[in-house]
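Undergrad: If you want the building blocks of each chain, they are given just below.
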Amino acid sequence: MRRLGRWRVLALLAVFALVVAACSQETDDTTADTEAPTATTVADTTPTETTVADTTPTETTVAEMMLTLGAGVTEEPCDGGNPDNGCIYLGVLTDESGPFAGASAGLYGGQSLFWATVNAEGGIGGAFDVVLPADLKKDTAYQAEKLVADYNTIAEDVAAIAQSLGTPQTVAALPDYERDSTIAAPMSWWSGWAFVDNVIEFGTGYCFEAMNAIDWAAGAIPATGRTFETIGILEFPTDYGFDYAEGVKLAAEANGLTVAWEEMVIPVSAGGDPAQTEAVAKIVADPTDLVILVTGPSETAAIVGGAAQQLGANVPLFIGAAPSWNSALLASAAAPAFELGIYYQSSFVGGWDYDSVGHEKMRTAVTAAGFPANDFFISGWVSQYGLKAALEGAYAAGDLSHDGIQAAAFALTDVDYEGMMPSRSFAGDPNDVFPREGVIGGYSADATTGIATVQDFFVGPTAAGYDFTEACAG
Amino acid sequence: MTTFLQATVAGLSLASIYMLLALGFVIIYKSMQVLSFAHPAIMLFAAYMVSWMAIDKQLNFWLALALGVVAAGVMGWLAERVAVRPMIGKPLFAIAILTIGLDIAIRTPVNNLIGVNIRSVGDPWGFGTLQLGDVVIQHRSIAMVVTAFIVGSLLFAFFRFSRVGLAMRATAIDQEVALAQGISVGRIFSLAWIMAGGMAALAGTFASSDLSGLTQSTYIVALKALPAIVVGGLDSIGGAVVGALIIGLAEAYTATYQSQYLGFLGGNFSQVVPYLVLLIVLLIKPYGLFGTEEVERV
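Chains A and B, in that order, give the protein sequences. The first sequence lines up with residues 1 to 474 when you count with my numbering. The second sequence lines up with residues 1001 to 1298 when you count with my numbering.
Worth flagging that the hints you see were computed from the coordinates, not collected in a lab. It is possible that some hints are incorrect.
Claimed, not checked - Facing chain A, a subset of chain B residues (Cβ under 7 angstroms, in silico): (1) Met1087; (2) Gly1089; (3) Thr1099; (4) Ser1120; (5) Pro1124; (6) His1139.
Stated by the list, open to error - Here are the simulated lysine to any residue pairs, SDA-like style, with alpha carbons at most 20 angstroms apart: (7) A:Lys388 x A:Leu412; (8) A:Lys388 x A:Ser425; (9) A:Lys146 x A:Glu121; (10) A:Lys138 x B:Thr1108; (11) A:Lys361 x A:Ile342; (12) A:Lys138 x B:Asn1112; (13) A:Lys361 x A:Thr453; (14) B:Lys1057 x A:Ala331; (15) A:Lys361 x A:Glu121; (16) A:Lys138 x B:Lys1057; (17) A:Lys361 x A:Ala447; (18) A:Lys138 x A:Asp84.
Ideal placement from N, C-alpha and C gives every residue a C-beta, glycine not left out.
One chain only, chain A, in its complex shape (with noise of 0.2 angstroms):
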């Protein structure tokens, strides 16, 4: 009995032990770690709608207001909020666990901040703070299923979605965003999020991105003196993929280029191979001037870095798309096949190093919180800018229901992105006010997260020809 006791008390140490290890992690610039620095607790929020007597919307409190307010909105104050404004919360699903879950921390990171920003400078019509608390904040896992039931868990709690990552997920989320009236910021870049009245996007979509990412390089790489005519895409299975893999198809075509062939590569996360021994293989096997990659940042590493290793000087350039890269892999084994010079990434919005004022804001955000420089920052902070507008609206108008801030964010003709990206329009048909600018960085060691701004924003031809009319792949 005394040798089982001791055993048992092992057993407990043991366990006491990795708790203790989990819980103890230090937050460095390997890891990247973010925890939110608004994250609060509800203590109490307003599922139902209320409406508040007396109405005089400056110098007056929330509570003599006379504002429709609906779920997920109080006229108490956020905790540790300004003590004179209402509370405004949103819901965050993101991936915490699945494929993206590297870009988790900084998408929420950055949303976190911008909030934060925005309630230091008085809130909303300075009458209202928002705030992501953590239990609104629910791990996905990039399930569609684990999405629908997670929202579903915080419907009545919240105002809006902040956060809804993945094109396949929030699909599947979609009739009960619209059952309930939600609006819901997706984190992703499908095309046909133009047609949906329950998602605020932000920039343009994957396939406009792929179109603008070739027509850039049908002038860009002849004039380096190397031939361009072939081109190879490995792509995730995922709308992520077929989206921007229908954009490189489209442009090709308009360039007189040929795609010669398009692969399919499984994430990591998911079982794929580590070394992306297939995808290296199909390189080295059946040579294309150029490769288009959308994936993501470990296959990324695994792909350029393989084929460098085995093609040396001849090795192809690579386009990421946006969620391709992350400043991570300059640390990786394969950062000396990025200091080739191979390396190339569209996007929807300057890199960290942009010059603009929103840019501004956020590396001073995210400096102040002592966090390190990370690309998903950016993307959480400037995800935000539709969801302000469609509150700032939305309580202009007195109605911060779900059907308010519905209502206002699809009247909204001029949202402003303080410069990260071009302002666009959600009011009207999407053919017309559909932003198609894409931006074009490529791998810089000079860079804070390795990928400097190579083309400011422009719109190819093939995108500005394009006849919109509904989602390109998916």
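Start from chain A and add chain B according to the hints.
TA: Here is chain B on its own, set in the frame of chain A:
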């Protein structure tokens, strides 16, 4: 020919990792008749420890690797003493399920420690390659193959010539007879888990020295060692080596040639091949190529 040789190099690299893991699986199985599903977690834990010591604490890589091997051995020993030993005599199915629980219990905090970004293990091989004719060989591939060969040889010598190795073989054959001969079966169990942990540390470090680095997903590599041991035979050291070679090479050749000749099978079929080989071998030889057939009195 260059393509074939390049694929062979990739296959041998994979096989080296699978072999180190498979040997661990087999040693534990031979000693306790337990298939440890906690092995992936121990491998991930060890790889993180090496990364933490080499990168965060700036220790020399070789020292970090040695300490990682020790840490994984201790983790294996703890897992055996705390969780598995008390289950001896219980149904094997229950013990297997217990090791799945162990895997989750170890891997969850380790995932938090790894974080969300790619980590390096600080290995000296990095991006370096060696060119033999038209064939490009990663320095890490050479290190992996050489290490796997040395470990395999040492293990063979250990079981063949050492008294402890002999005791382990005796225990594997019949625990009661081994006990009657004065062998401490409990110590043999612990030693098996310690050795398996050490080899998992080597495998995890090699797997993480890949261009895609150490991530929370690195543990998946260990799952592909399972087909290797089933193909070779659960209780055969030599079978583990052969099984690892078969699985590694089959995976690499498929990744290289399938899209050219069997494109209709779809992309990434190479990831299915280990399990397809396993299925075929099980249909033909249910106990694996070198496994001991059980004789049941009916």
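Undergrad: Next, verify each hint and record whether it holds.
TA: Results for each hint:
no., hint, in the structure
1, Met1087, "12 angstroms, violated"
2, Gly1089, "14 angstroms, violated"
3, Thr1099, "15 angstroms, violated"
4, Ser1120, "6 angstroms, holds"
5, Pro1124, "11 angstroms, violated"
6, His1139, "10 angstroms, violated"
7, A:Lys388 x A:Leu412, "11 angstroms, holds"
8, A:Lys388 x A:Ser425, "14 angstroms, holds"
9, A:Lys146 x A:Glu121, "36 angstroms, violated"
10, A:Lys138 x B:Thr1108, "17 angstroms, holds"
11, A:Lys361 x A:Ile342, "31 angstroms, violated"
12, A:Lys138 x B:Asn1112, "17 angstroms, holds"
13, A:Lys361 x A:Thr453, "19 angstroms, holds"
14, B:Lys1057 x A:Ala331, "16 angstroms, holds"
15, A:Lys361 x A:Glu121, "12 angstroms, holds"
16, A:Lys138 x B:Lys1057, "33 angstroms, violated"
17, A:Lys361 x A:Ala447, "18 angstroms, holds"
18, A:Lys138 x A:Asp84, "29 angstroms, violated"
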